[in-house]
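Letter by letter, the chains look like this.
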Amino acid sequence: MADVSSIDVGVLYNGELADVITTDCDLIDAVSLIPETLWHESTERPRYRPIPDAFQAFDEVAAAKPVVLHGVGLSIGSGVPLDWEHLERVIATIDRYGARWYSEHLAAFRVSQHASGPSHAGVGLPIPFDVATLRLLVPKLEAVVAELDVPFLLENSAIYVDIPGQEMTEAAFLNRISEETGAGVLLDLHNLMVNEVNLGWDAEAYLSELDLRSVVEVHVAGGEMLGAWYTDAHSGACPERVWNLLELVATAASDLRLMTFEIHESRVPVLGISGVREQLSRLHHAE
Amino acid sequence: MSLDGFHSALARLVGDPDLVRSVRRGDIDWIRRGELTEREAERVIAMANDPRMEVLCSLYRSNRLTALVRTVPSVIIALDDRLSDTLTEFWRERPRTDMQFRTEAADFCAFIRGRYSGDPEIQHLVDCAETALRVRYDDIAGGGALGNASPDDTA
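First to last, the protein sequences are chains A and B. Using my numbering, you'd call the opening residue of the first sequence number 1 and step up by one each time. Using my numbering, you'd call the opening residue of the second sequence number 288 and step up by one each time.
None of these hints come from the bench; they were simulated from the model. We put the CB at the ideal spot given by N, CA and C, even for glycine. Some clues are possibly wrong.
A few chain A positions that, by computed beta-carbon distances, are all more than 12 Å from chain B [as the list claims (entries may be wrong)]:
(1) 87
(2) 175
(3) 239
With the Cβ distance kept under 10 Å, some of the chain A side facing chain B (calculated, not the full set) [said to hold, decoys possible]:
(4) 130
(5) 160
(6) 163
(7) 165
(8) 285
Here are some, though not all, of the chain B residues that point toward chain A, as calculated from beta-carbon distances under 7 Å [what the hints assert, rightly or not]:
(9) 294
(10) 301
(11) 339
(12) 342
(13) 350
(14) 352
(15) 367
(16) 405
(17) 418
(18) 420
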């Protein structure tokens, strides 16, 4: 059982939260950064161009708080080869900020065979939880884990449309990945709730099946309806269901080190800084 | 097993609701003709017929529209009742190449410049928008960090 008081509380960084991060020392123990916000990426050369203002702003944050990285650009769930150039860019960011770990999404963002050529899918696409997918992804994941000097985590996704006839559940798939590659898990409880609402998943059964010893970080967030479906919009306060799931995880995940609140920067003024503080305070009391 | 082919087919559907509707009407030759295995093709067809596919289509359009509203709002406003058809045309012709707002905005300006070549007001607004993009991004004058996709934009 985890010592809940030893689990840090963090936020996913955006400019609207910079003041809270640097001034509310008691509420925020660590900051999660999307490394791709530090540079412009182009299909031309040079592929990456640093954004000095972004580095400068985050340098100040990183001087105040420990950092973890949460990537959106590696597309590790794609069938395309590992993007070494992107990984090198991320590693340089890990080194710059002494990041404690690096996480990525268990989804596909890049596709190489679109009718008009290589492209970004525009949304995260689900991956088939099959043995064949495992065999394809494990060598890539092993390469990433071997290349990094810090732990590598994979995050469960909000799926929206599930793939028929899969050979295993997402929890079983993540267990196999952890066993075979040593990658840890970033368990996004709001994504799990999204899948529960839209796909009819049994969240408790999911948590019973997932090897919680592999969970290093938890994400919590709020969402909203889009038509008849519930989306991972990071739109405000966490629903009670997320807090309920967190109670189940926080005391059972023995290696859980960080609980991170995510909110889209455009929604910070709506929730208000006081609302953000309330969410962070509640995380501190999660048990 | 062709995971990339499977995802490429899904990406086409997500970016083109008309294509989803056409698959639902039984136009599935392009799926069967590709490199997909029988199981992958069946999965793509089943997913196209899943009502939740509309969420992915909406998120795709929302993510791409957000990029334009945040970077070239004056052009978006000026298109007015032409906006919907223009965006559909743009998204169909130019799938996303990366996750960057700058790329999306620059592509959109180039597309609009050609699409509305006979409209001086639109041409002027595109001129202004492209200048603003250069100041914002190429001159690295600030604000750029907020111009990238967030996980919300891609999840």
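Tell me if the interface restraint on residue 301 of chain B is satisfied: Cβ within less than 7 Å of some Cβ in chain A.
holds (6 Å)
Under 10 Å, Cβ to Cβ, is where residue 163 of chain A needs to be relative to chain B, so tell me if that hint holds or is violated.
holds (5 Å)
When the nearest CB of chain B is found for residue 285 of chain A, is that gap smaller than 10 Å?
Because about 26 Å separates residue 285 of chain A from the closest Cβ in chain B, which is outside the 10 Å limit, the hint is violated.
Should the hint that residue 405 of chain B touches chain A count as held when the rule is a Cβ pair under 7 Å?
violated (26 Å)
Does residue 367 of chain B meet its interface restraint, that is, does its C-beta lie within less than 7 Å of any C-beta in chain A?
Given a least distance of 24 Å, the restraint on residue 367 of chain B is violated.
Cβ separation check - residue 87 of chain A to all of chain B, threshold 12 Å:
Residue 87 of chain A clear of chain B: closest Cβ-Cβ about 16 Å, beyond 12 Å.
Report holds or violated for the interface hint on residue 342 of chain B, using the least CB-CB distance to chain A and a cut-off of 7 Å.
With a minimum Cβ separation of about 5 Å from chain A (threshold 7 Å), the hint on residue 342 of chain B holds.
With chain A as the partner, please determine if residue 294 of chain B meets the hint condition of a C-beta pair closer than 7 Å.
With a closest approach of 5 Å, the residue 294 of chain B hint holds.
Would the hint on residue 339 of chain B stand, with a C-beta cut-off of 7 Å toward chain A?
holds (5 Å)
Per the CB criterion, is residue 420 of chain B less than 7 Å away from chain A?
Not OK, violated: residue 420 of chain B not within 7 Å of chain A, min 11 Å.
Report holds or violated for the interface hint on residue 165 of chain A, using the least CB-CB distance to chain B and a cut-off of 10 Å.
Given a least distance of 7 Å, the restraint on residue 165 of chain A holds.
Is the shortest C-beta separation between residue 352 of chain B and chain A less than 7 Å?
violated (11 Å)
The structure fails to meet hints 8, 14, 15, 16, 17, 18 from the earlier list, while all remaining hints are met.
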